[in-house]
Every structure is written in C-alpha cells, then in structure tokens.
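Asks: All chains should be modelled from the sequences, with the hints used to inform the complete structure.
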Amino acid sequence: MSPFVAELLIPVFKILAIIVYPMVMVIVMIWLERRVVAWIQGRIGPNRVGWQGILQPFADAVKLFFKEDIIQVNADKFLFNLAPVLVMASTLLSFCFLPLGEPIRIGTYELKLWVAESPVGLLLILGLSSISVFGVIFGGWASNSKYPLMGALRSVIQILSYEIPVGLTVLSVAFVSRSMDLVEIVRRQESSHVWYGFLLPVSFVVFWISGIAETNRAPFDLPEAESELVAGFHTEYSGFKFAFFYVAEYAHMVMISSLLVVLFFGGWLPPFPNVKFLHFLHLLPGFIWYLIKIMFFLYCYVWIRGTFPRYRFDSLVKLVWKWLIPLSLVNLLVVALLGSVL
Amino acid sequence: MAFEEIELNMGPQHPSTHGVLRLKLRVDNEVVLGIEPVVGYLHRGMEKLWESQTYHQIVPLTDRLDYIASVSNNLAFVLAAEKLAGVEVPKRGQYIRVILTELQRLASHLAWVGFMANDIGAGTVLLYGFEARETILDFFEDYAGARLTVHALRLGGVPYDLTPENTAHIRAVLDGLPAVLKDIERLLTGNRIWKQRTVGVGFIKADDALEYGLTGPALRAAGVDWDIRKRHPYCSYEDFDFSVPLGRNSDLYDRYLVRLEEMRQSISIVRQALDRLPEGDFRAKVPRVFKVAPGEIFHSIEAPKGELGFYIRSNGTDKPERIKMKSPSFINLQSLELMCKGNLFADVVAILGSLDIVLGEIDK
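If you read the sequences in order, they're chains A and B. Residue numbers for the first sequence follow our numbering, beginning at 1 and rising by one. Residue numbers for the second sequence follow our numbering, beginning at 1001 and rising by one.
Worth flagging that the hints you see were computed from the coordinates, not collected in a lab. Treat the hints with caution; some may be incorrect.
[To be verified] So the derived list for chain A, only partly shown, Cβ under 10 Å to chain B, looks like this:
#	residue
1	Arg43
2	Lys146
3	Tyr147
4	Met150
5	Arg178
6	Arg310
7	Asp314
Using N, Cα and C, we set each Cβ at its ideal position, and we do this for glycine too.
Replies: Below, the structure is given as structure tokens:
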C-alpha cells in the first residue's frame, strides 16, 4: 500500500467515519427508543416514514432544520451559541479513542478501527465528558431565564457528583489491567481469560448506574424533568441548536454504553475468546460483537425509561454521596488489596 | 453564595399544571416558600350562563365542568333540581345512575393514576391507565353516543334503558379492570423510587384539611371518614355494600392507595347494581317545560374529586334564578400552599397532581 494512502487517506476516512458512526447510532437509537417505549406502553409508535418508521429521525431533523432559530433578547449570544457546539464537539471527540473492533490486516498494512491511540485514552474520555458540563451550564446561564437556570444548576450538581463514582470505578479497571489505554484494556481481557464485568461486578454496577445518571437519562433525567422544568437547560433553544443537544445526549448514551462494553465486557471480543471449541464465534467480525453488546446496553436504557418513575433531586444526590461513592471507594480498596496480594 | 428568594411562574402554559392553571411560586433555591394559584384562564361564565337556560338545557352544560367525570356533574345537578321540584326517580333509574357514575369514577381515577404517575416520571402508567379508561369510554359511547361529555343523565332518570347487551358490555369492562389495577400496582406500589417520591410528601393535618374544606380521596387519606355516599346516601347508595378506604399518613402515597382501593370498591358496587337491577321504569314522567316552584336547595354528591354540590334558587319559571356550584377541584386547590410549604419544587407538581384538579371545574 502506498504511503500516501496509508498516511493521509485512511486517517481522513477514519475521521469521517467517527463522525458518521455516532450519528448512525443516534438515528438507530432514536428510532429504537420510540418504538420500544411505545411497545412497552401498549402503543404503536412511529411507523409511517420508511420501513417501520426507521426514517422518522430524518423527518424530525428536517423539521428542526426549518424551524425558526430563536435567541431571546436578554440572552448572552456568544455563550448561547457556544453551548450546543461545546456539548456536541466534546461528545463526538471522545469517540476518537474508542476501539470499535479488532485491527484488520490488509496485506502488510494493519487497519486499526480507532482514530487515536493514547496511553491515557480513558482519562481523556472522562475529561471530555466533563467539558460537556460547561456546555450545559453555559446553555442554562446564557438563556437568562429561570427554568433553564434551575435545570442547568441541577445538571451540574448531578453530573459532577456522578463523575466521582465513574472515575473511581474506572480506576479499579485501570488498576486490574494496568493500563488506561482502551485498546490495551480489551487485549488484557483477552489474555487474562475473563471479562472485567465478572471480575469486578461492583465496579460494573456502579459504573452503569452512574453512567445512566451522567447522560441525564431516566430515572435520573431531572435536569430536563419535563413535568417540572419543562425542558431543563435547553428550554429556550429551538431549531437546530436544540437538535444539537438532543443528538449529543443520544451520542453520549452510545458513548457510555461503548465504555461499559470496552471496560467490562471485552469490547470487540466474542464470548470465551480463548476456548478452542467455541472458536467459530470468531467468524463474526469484532465490530459486530461490539455492536451486539452495546445494543444490549442501549436497549436497557430504553427499558429502564419505560419502567421507572423519576428520582427527586435530593434523593438522587443522596444516592450518589451516601451509597455509590462509599461503595466505589471500598471497592477500589478491595481491588487494590487483592490485586497486590494475588 | 447567599440564597435569595426568587419568584417563579409556573404556567399557564406548563406541561403539568393540568390545564391553564398558573402558580406563582416563591422559591429559595429548590425549597418552596409560598404558592399562589392564579385561576380564571378557562372562565366561561357557566353560572351566569345557566340563568338563561332551562333546567333541561343546563344538564349537558354541566358535562363541560369536570370533563374527566362528566356523568358525576350531571348527577349532582339533576339530583339538586329533582329534589327542588320533588321528582321521584324510579328504582331502576336510580340503579342505572349508580352504575354510570361509578363507571365514571373508575374512568376518572384511572386517568388520575396515569396523570399522577406521569408527573412523577412514570409515563408508562399513564398509557396503562388510559387504555383501561378507554374501555369504559367505549361503553359510554355505546350507551349514550359520546365519550367525554356524555350527557348520560336526564331530569327524572336516564335517557335509555340498560339492554342485556349493555350489561354484558359493562361486565366485560369490569372483568378487564382488575388485571390493569394489578399491573399498575406492580409498577408503582412497591417501587422504591415511587415511595421516595410519595411517602411523607404533601402532608396535611386532618384538622387543617377540614378547615380548608378539603374533600374526596385527599381528605380520606388524612383519615377522616367522610364519604357522602355513606353519610347522606343518595340514589339508593344505602342498598349497596361497600367500604370507604381510609389513609393514615395523609401523604401522596396514601392518596394513591385510597384511590386504588376506591376503584376496587366501585367495581364491586357496579357488579352489585347489575346483579340486583330492579325491573320497572328507568325514567319518571317529567314535563318538557320543567317549572319549579319558588324555593332554594343545596344538594351534593361524592364526585370522584370530592364533594360536588349545586345550590339552586328557583323563581317559579322553567329557568333557575341563580345557581352556585361547589366544585371540589376549586376548594381542594386552596390547601395546595399548606401542603407544599417547605417541600421541594419537584414535589409541587406531584402534590398538585395528587389533588386531582380539573380546570374546567375550577374556572367554571
């Protein structure tokens, strides 16, 4: 393969792919959520646009695109415009570090299914998700309106609180795998013959709950609690800026599910990758295994939304400070002790 | 940062004020310091309008008050008018009225459970409740030709007799309801989040509740045994065997449990009425021009939302001189501030939902 293709074209293609991939997942997810929630609630859901309504998200996007873009008089224009961009950009950027499948060999060239390989990829993803908090608070603050402000304050408290258990559980994974590189973490799960979800069940559960809370999804969807705050921090947004927040939320869900899969369920690995007689499972490419796994977690998001009432703000904060943080601290301690003994 | 009191307007355009209600909230961060409901956005001048209508014409207009439970409105008005005119309704007519109003109570409570759950974020229950309510509305459509504003009662009785097909339809509807109630209970009653949101929230002392004129399930959840169907039976309610569920803690959870149990009691009442449906006329002879001798009367019934009463003053013509309505939603709304003070902003929506208000009845 010529160096021109390897050095320039493939990275450009990858960068495009990493923008397209979350978008496709978001579209699938929006459709899936509507249909599944409708099914849980005994409704039909959108089924007119395209096969089983699969094109409904496009119809929504077109509608939002043609809506009037309103910036109220009292809003801080710069921050108001910056907020959706910040949320969207930080979410999309974090996909760069995500391994979507095992490397594919084409002759001597090894095509890696990730854009950037970094020894601190995990840390960067956590950092980027913190940056999206700025988008949320800018959006709420710059709207200069009471409901968005309260929504933004709630979001910030919620996201910041839940980042602590996320960080602590991720630390336990990093401790076991001795790496912060997502690719390396997957490889370690292959060589150590166990997915970390089974090795560190407490970390997995805490990370899962906190992940749902970090993405502001039911039952932790307080910042945009429709029944109280109308639409939370993005109440004043309309048209395509609103779509940015909306898409970023779904992309964040895809991100958290991907992290769950990569950290705790072996990323692109098929079940029991090292067992001889189950080797036929390798026939499916790694990307497909990864997709199957994240679809499961994405489905759980929808399932939970269809089942549970919403937490109240104070019990939500109590849950994280009284239960999740102590639990993840103890968990980290136990993992560290066992890890150094064994 | 020093906390400062801010004034927050909730509504009239807000997803969970159940219509065009506006609440002026004073909040300190998330804690509610005071609430002032601002009503009147849906005012249609009903009471004044009725002064220019004949008694027969008023009955369908009462449908538009509490549109979630229109038959109950009909009943309250026709009972008051009949009492004033001294009309005796035949037993069969009374039983059919009981069947219709209890079905309406079921429909109203099912809608309430759905709205309440939706306010707390459990949207699925809303759909379950509405799906079950739909079966009842289908019966109303079958019987009276309308679903929401049914106009199912007339002065002197009911417009149509219950045919065997009708009774079979009702029995089929009743058979389907316990499964729905069980589903709702499985989703909510034991759910930890639901309990966190409802237990101990929206407390009101029984004395305060009486003082503020609170009636209906919210009063019974406070432990006050007050059900007009038992205390001052109308429409032969004394013939039926049912119990009045009471709460103890006077919170949202008890109001929810009381309403669920009331639904079970209503199912039992309708079954009893169907089993013992007397033969005979279903409507007394009432003249087209329904003239009422001068006098005044107040009569109230136990509507799904509380005590619904009509005061009528007649001047001897076929039109009333003055009608004043005691609507439960309007009076129950008065205790909102007492229940919300000191609670969190998020609870306001839940407490408002627990009162089961309908703006058509508040603004009249």
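Asks: Tell me the hint numbers this structure goes against, listed in increasing order.
Replies: Hint 5 alone not satisfied by this model.
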